[in-house]
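These protein sequence lines are chains E and G, in that order.
Counted from 1, the first sequence has number 21 at position 21 by my numbering; the numbering is strictly sequential.
Counted from 1, the second sequence has number 139 at position 24 by my numbering; the numbering is strictly sequential.
Hints were generated in silico from the structure; no laboratory data involved.
Just so it is clear, the structure is predicted and the values come from calculations on it, not from any experiment.
Where a beta carbon is used, it is the ideal one built from N, C-alpha and C, also for glycine.
The hints are all genuine.
Computed beta-carbon distance windows for the label pairs:
no.	chain 1	residue 1	chain 2	residue 2	range
1	E	S58	G	S145	18 to 28 Å
2	E	N97	G	Q129	34 to 44 Å
3	G	T133	E	T13	39 to 49 Å
4	G	K185	E	V12	37 to 47 Å
5	G	T133	E	R64	39 to 49 Å
6	G	Q123	E	G51	34 to 44 Å
7	G	P124	E	P61	17 to 27 Å
Far from chain E by the CB rule (all over 12 Å, computed), these chain G residues:
no.	residue
8	S127
9	S137
10	A186
Non-contacting residues of chain E with respect to chain G, defined by C-beta distances greater than 10 Å in every case (computed):
no.	residue
11	Y18
12	V19
13	E20
14	T52
15	P61
16	F65
17	V68
18	P70
19	E71
20	V74
21	T76
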Amino acid sequence: GAGVSQTPSNKVTEKGKYVELRCDPISGHTALYWYRQSLGQGPEFLIYFQGTGAADDSGLPNDRFFAVRPEGSVSTLKIQRTERGDSAVYLCASSLNGGALHEQYFGPGTRLTVT
Amino acid sequence: AQTVTQSQPEMSVQEAETVTLSCTYDTSESDYYLFWYKQPPSRQMILVIRQEAYKQQNATENRFSVNFQKAAKSFSLKISDSQLGDAAMYFCAYRSAFVETSGSRLTFGEGTQLTVNP
Chain E
1 GAGVSQTPSN KVTEKGKYVE LRCDPISGHT ALYWYRQSLG QGPEFLIYFQ GTGAADDSGL
61 PNDRFFAVRP EGSVSTLKIQ RTERGDSAVY LCASSLNGGA LHEQYFGPGT RLTVT
Chain G
116 AQTVTQSQPE MSVQEAETVT LSCTYDTSES DYYLFWYKQP PSRQMILVIR QEAYKQQNAT
176 ENRFSVNFQK AAKSFSLKIS DSQLGDAAMY FCAYRSAFVE TSGSRLTFGE GTQLTVNP
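Just chain E, same shape as in the assembly:
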């Protein structure tokens, strides 16, 4: 079956602009995660959805970052007033539910470059 998909694959934007990154999880997966991976680093947690609600948004770095999952499937990560420091690969993962036993399946990521 289809895995986690993310669009766009690459996004270049100018400093100060607004961007949206999309994640399509595996069908039937209720848990969805966003991570950010800066160059040469491991992924860092941003936010976790269980169904439509954000169960844990403690990893969002500031109020310029926001994510939604209105119907419990597709999620959009939104970044306002982008800064050069936001340049990174944004990874999305989904799992059957949020239980610790369930594997997180990752998408290929969106590489965001802020110029």
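Keeping the supplied structure of chain E fixed, place chain G upon it in accordance with the hints.
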């Protein structure tokens, strides 16, 4: 908060040889899960192997095995009979078993870039 440390930024191995990647972690929790993920240039993270902390037996998946030392908080990955396709960035990761209090996130190390030489 939990931390994961990988002290080897780069490692190399000859094809068909064995290599061990190191990982240490810090936690005050008693129950948790540890993982090794592989990230090739395509960027997609692929689960290689998983270890439950309550299990004393080290996990094994074909050519991949771990050496889990709970008291030392050490979790190394051994790759036997290395193949060219094993070349990638490898990440060690931690996940709490207490999702109600510690959340469901993965905490990753900095990664080890593995090169396999023909």
